[in-house]
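Chains as they are written, first to last, in full-length UniProt numbering: chain A, 1 to 177; chain B, 1 to 758; chain C, 1 to 273.
Derived by calculation from the structure, the hints in this document are not laboratory data.
Any given hint could turn out to be false.
Stated by the list, open to error - Now the in silico label distances, taken between C-beta atoms and shown as ranges:
#1 R121/A with E556/B: 23 to 33 Å
#2 P254/C with V63/B: 39 to 49 Å
#3 G147/C with P42/B: 38 to 48 Å
#4 R29/B with H89/A: 13 to 23 Å
#5 P88/A with P42/B: 28 to 38 Å
#6 A459/B with E125/A: 36 to 46 Å
#7 R29/B with P88/A: 37 to 47 Å
#8 A749/B with T7/A: 29 to 39 Å
#9 H89/A with E182/B: 25 to 35 Å
#10 E125/A with A557/B: 54 to 64 Å
#11 G92/C with D743/B: 35 to 45 Å
#12 P74/B with E217/C: 28 to 38 Å
#13 P196/C with D129/A: 53 to 63 Å
#14 P42/B with P196/C: 29 to 39 Å
What the hints assert, rightly or not - Just so you have them, the derived chain A footprint on chain C, three or more residues with Cβ under 8 Å:
#15 10-17
#16 47-53
#17 100-114
Note that this is a predicted model, so its numbers are computed, not measured.
All C-beta atoms in this analysis are idealised placements derived from N, C-alpha and C, irrespective of residue type, glycine included.
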Amino acid sequence: MIPTGETQSLSFRLNGQPLAVEVPPATSLLDLLRGPGGLTSVRAGCRIGRCGACTVLLDGRSVPACLVPAWRLEGRRVDTVEGLARDPHYQAVASALTWESALQCGYCTPGIVLSLVSCLRNETEPDRDRLAEALAGNLCRCTGYGGLRRALERLAPGRPRASHFSDPSDPTPGGSS
Amino acid sequence: MIPDTDLPVQTLGTDRQREHWWVGPETARRVAGRTAYATDVPPLDGLLHGAVLRCGVAHARVVSLDVRGARAMPGVRAVVTAEDVPGTNGFGIVLRDQPVLCRDRVRFEGDAVAAVAADTPEQARAALAAIEVTYEPLPIVGDALSAAEAWPLHEGGNLLAEHTLRRGELDAALARCALVVEQDYRTPRQMHAFMETEGGVAIPDGRGGLCVQVGCQSGHRDRLQLADILGLAPEQVTIRAVATGGAFGGKDELTVQPIAGLLALRTGRPVRLQLDRFESCRSGIKRHPVVARVTTGCDRDGRLLAHRVDAVLDTGAYASLGPAVLENYLDHATAPLYRIEAYQVHGRLLYTNNGVAGAFRGFGGNQATFAVESQMDALAARLGLTPVEFRRRNLRRPGEPGSRGQPVRWTRPPAELLHLAARSPLWRPSPGEDPRWLEGTGLAMGGQGNGLGDGLPDAGGGRLNLSPEGRIRVEFGFVDYGQNLTELVIRRVSEALPCAPEDIDVVLGRSDGPDSGPTSASRSTVVVDQVLRAVLPGWARRLCAEAARRAGLPPEALVCGPGGIWSRTPKRRLCRYRELAASLGPVPAEHRGDFPVAPGPTPPVGRFLQLLIATVARVAVDRLSGCVRVQALHHITAAGRVIHPPGYLGQIEGAAVMGLGMTLTEDMPTDDGRYRFDNLDQYLIPTLQDAPEQRVDVLDDTPADADYPVRGVGELGIEAVAPAIVAAIEAACGVRVRHLPVDPDRLLAALRDTEHPV
Amino acid sequence: MTTAPLPLTVTERSQMRVLSADGPEAAWQLARRHRAPLVAGATGVQPVWERQARWPACVVPLSADWPGFAGVTVTGDRLDIGALTPLASLAGAPALARRLPSLAPFMDRVASPGVRQLATLGGNLVAGGDLSALALVLEAELRVFSGAGWHHLPLSAWPGWVRREPGALIRSVHLSIPRGCPVVLEKLGHRERFSPPRITVACARLGSDVRVAVSGEGGPVRLAALEARLARAGGQASAADGEQALAELDWGNPGLRAAGGRLIAHLLGRLTT
Ligand SMILES: Cc1cc2nc3c(=O)[nH]c(=O)nc-3n(C[C@H](O)[C@H](O)[C@H](O)COP(=O)(O)OP(=O)(O)OC[C@H]3O[C@@H](n4cnc5c(N)ncnc54)[C@H](O)[C@@H]3O)c2cc1C
Ligand code: FES
Ligand code: FES
């Protein structure tokens with residue numbers, strides 16, 4: 001082993017279960033989850049907070065796990081998609097994304113799901129614009145975000161969105177083709 | 001005039017179209033985060049971690065390399081250098097000119113000089129730090145335009161390839177032009193920026209060979225290269241292409257395979273190797289930047305007569321797929337959609353120390369289309385014609401040969417797409433204008449061919465079987481890196497056989513499976529369709545015959561269906577696939593065929609199966625800052641039948657936003673041969689809010705039993721985006737941008753000049 | 001010439017030691033003794049360390065639990081904001097939303113929702129981030145601890161900006177926003193969201209006094225010369241005036257200054273309407 005400064009014993013709740021680990025205190029939550037946590041839905045894309053692939057819920061709010069050092073984790077609650085199967089917000093988001101096929105490679109998708117779950121949980125009746133803002137830190141290189149936009153319509157139904165394609169005389173969203 | 005009520009158009013993804021919408025099981029798996037990726041850490045005993053020492057200098061002689069210290073470090077199991085490469089120390093799809101590990105010379109900052117396998121990633125990195133290398137700097141070749149005269153990077157000089165495509169008498173045609181425009185165009189060194197960086201694991205098989213599980217695009221081709229490098233027979237190397245977080249051409253070339261393989265053979269243990277984003281940016285391939293001077297002329301009526309292109313493509317330190325990119329660039333630079341009496345399209349591909357360029361969605365074609373379409377607008381404006389009218393006068397018609405004299409097969413006439421683009425709602429002026437934002441609409445057209453083209457060997461096959469558990473197993477050599485290929489195959493088989501989606505297992509990307517050829521050049525959809533059409537009917541008949549024998553019924557009375565074989569009337573399932581598997585055993589069926597090329601005796605030129613797109617862009621330009629916001633993109637495509645609507649839609653939208661990034665923010669400039677940026681905080685790809693609202697209208701009525709009912713649309717969406725956006729910018733503010741990405745500072749300066757003419 | 005001792009660094013995150021302190025004074029002492037950086041949300045520092053593959057041998061985390069270090073309190077026109085208040089809480093704080101309606105839409109353009117949960121106000125100001133232009137026009141004052149004990153310091157005199165040297169430890173940020181004092185601000189990035197700052201402009205009017213500050217590529221600065229001109233010209237300035245004010249300070253590059261000038265003139269126009 002490389003001599004490390006020291007390790008820290010740390011306990012927090014991961015997907016509802018208590019987890020106790022002994023790690024160097026600056027270990028990132030990303031490495032903690034992929035290593036000792038044994039999870040693969042939390043993914044590295046940049047390790048500097050710039051892609052959103054590592055997004056998790058920390059005390060119920062979305063954060064990039066690569067920027068959360070272990071020293072801040074004691075006693076806190078961490079959730080990933082693996083632990084949300086029964087969460088109604090998660091179910092709504094997952095089915096909207098699936099039905100709209102809002103993904104291709106899917107590498108970015110768990111992070112996107114969690115950013116949306118965080119928004120639905122913590123904001124009061126977010127509309128599509130707020131849901132879109134919630135995704136400002138989640139890059140997706142494959143889809144061009146088209147499926148995601150359609151999924152947001154599904155998650156925040158209401159008046160059809162003002163569209164560059166809709167004809168003022170045509171009430172259907174998207175206009176006629 | 002074409003009356004549009006007669007045109008077979010459908011808007012993908014709208015409620016009207018939803019009855020054909022279909023989402024398969026793999027999508028739900030990916031949403032739930034349950035798909036395993038190439039860079040997940042595999043639960044393997046004795047797994048080691050690899051790390052690569054990259055030189056970090058643009059061009060130098062390696063004076064000395066000492067790895068003794070590193071070998072003695074704790075946890076280190078192997079340190080390898082060029083001395084340790086058992087076979088050919090070189091790779092590259094076209095030319096094997098890129099060393100796996102450099103011996104005496106490095107030609108770009110990402111060149112590898114040594115690699116380590118250790119028990120932990122930290123130990124591997126620590127060992128890298130203990131390797132001592134001294135370099136003697138060599139002059140840096142930083143500019144492709146002057147590279148031919150500069151210090152040679154390879155034997156034979158820096159001019160790697162040079163080609164000219166010609167038709168007619170250019171000078172004579174130019175002399176007859178009433179109007180000629182000549183402009184310079186530049187396109188950026190775009191980075192693929194797939195979300196999952198290059199990586200995988202190499203696992204020794206205990207018999208001297210190995211298996212590599214990796215994010216890649218062509219298992220069979222990788223295997224041949226890798227066997228050569230490792231000094232093994234091809235049969236000793238197996239590639240398993242695992243789910244991959246995006247590729248876009250960036251994983252077409254070998255990435256981590258050679259070094260991971262080398263370390264695994266050395267240590268006899270599985271070795272995992274993944275580039276982090278910094279290393280990926282510095283060593284991975286990019287899109288070829290192109291500098292081109294384009295001269296185009298027409299007569300007084302706007303009929304194109306002459307077209308000349310002089311282009312320089314910067315391929316960086318090694319060839320990779322550069323020569324093929326040059327070919328496709330030139331093909332697109334002939335302006336294939338337009339009838340032009342004479343052209344001379346000339347391109348040069350140069351080595352420099354500016355990283356390495358290679359395959360990237362569009363493959364040189366979209367760089368050329370940017371210039372060609374911009375020229376059309378320039379001529380139209382000078383003649384006082386609308387962009388639509390000018391194009392209408394020059395578009396080719398079905399039945400005419402392609403721009404290189406070859407037979408081409410479009411699915412609809414180009415003029416129909418133009419017509420629909422001209423009718424796009426995006427041309428309507430938007431109500432309630434904010435004086436801060438200048439809005440405008442522009443259009444561009446693009447064409448593209450499927451397949452490797454130009455008569456290159458281009459075969460592909462696939463296989464069907466019934467597993468002992470009664471699963472319908474469909475195998476292709478292609479890799480699903482996110483283009484929904486799995487779903488497309490399931491959709492196609494479940495409809496054609498027919499059966500339930502749940503009856504099917506799709507197995508992709510194994511070098512010990514069928515060879516389908518590379519997952520590139522938008523060829524997989526076409527090959528899949530070809531194979532399935534060849535094998536499915538006969539295969540279904542074999543199953544029905546067996547079921548008929550068992551049930552004592554005539555085979556004509558039976559059909560395949562969900563879960564097993566059914567009688568037609570009454571509609572009732574007679575036996576399960578599992579029971580058939582028990583009595584029949586395996587039911588293999590395989591087909592291998594050449595990629596469709598033009599019929600005829602002459603060797604094929606260019607590409608036969610053609611696709612078309614017209615893109616209309618609506619933008620707003622910020623008068624305060626020169627920033628451009630793309631508000632909407634409207635695409636009209638003619639690319640054959642839509643088999644999997646979400647996949648088709650996603651490919652067009654995704655490629656278009658990638659093209660938008662290349663137009664507005666994405667570039668990887670170099671300073672003295674070194675990339676300026678190395679992560680996603682500096683290299684900026686579009687976010688959700690940068691991505692416009694999009695609509696994809698498909699123009700098609702190809703019957704299912706047509707000769708070539710489908711095309712691959714993976715690259716089509718990027719083709720016309722950049723020229724459509726710059727046309728819209730010009731419509732908004734009167735400034736034409738010819739250097740991409742659009743620089744807001746320069747656009748603002750130009751805007752100011754239009755406000756206060758001097 | 002005396003050379004400052006090199007900061008002690010290690011090459012792996014795992015080798016980094018965390019020195020915990022039970023209060024701000026102890027934290028400051030520890031940081032000084034071990035030449036260790038103070039860290040708040042750590043969103044500013046970690047990307048830098050990750051890129052260099054060099055980490056400080058020790059760090060001293062600050063704690064939001066220390067009295068006065070987190071949260072927004074209002075007394076009359078005065079706002080006291082703990083330095084460790086996450087940016088996300090600023091956007092959501094009702095007291096701030098009432099006084100600064102332009103803040104919430106602006107915050108959508110600062111980093112990303114996830115980063116804003118971690119990043120703190122203090123860290124943003126120290127880094128000269130997007131909020132520093134706003135804090136400058138509001139003449140923010142810092143409550144800090146250093147070798148000189150506890151004291152107040154105007155943000156504009158923050159030593160890290162002025163001399164690029166380690167500053168003091170910030171406990172809280174104090175602003176006063178009189179009722180009816182309009183504040184406008186806007187960020188110009190390279191893309192619509194989640195962009196590194198190019199230029200952020202903030203303007204405020206207090207009575208006849210108009211204040212302008214910028215942050216971004218050229219660093220945080222109050223445009224005093226422009227403000228003097230505005231006082232003479234009834235609060236209006238042209239794009240050329242704004243551009244010139246930036247040029248006099250040699251702020252950013254010429255292209256960005258042109259955009260900055262226009263943005264300043266535009267925001268001043270909004271301030272008066
Ligand atoms: C993905 C990403 C996007 C970003 N986008 C933006 C953006 O759009 N706009 C922007 O302005 N910034 C941005 N940042 C930069 C940065 O994260 C923010 O400026 C943030 O507010 C810094 O706060 P922090 O608490 O994380 O600081 P830290 O990283 O903890 O500290 C930063 C510096 O401040 C010092 N410091 C912190 N708190 C105190 C204190 N209380 N007393 C004394 N010194 C202190 C530290 O010693 C260190 O030198 C971004 C960062 C990331 C990772
Ligand atoms: S890996 Fe954490 S944001 Fe990219
Ligand atoms: S689906 Fe591939 S990055 Fe989003």
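Of the hints stated earlier, which fail here? Structure breaks hints 1, 3, 6, 7, 8, 9, 12, 13.
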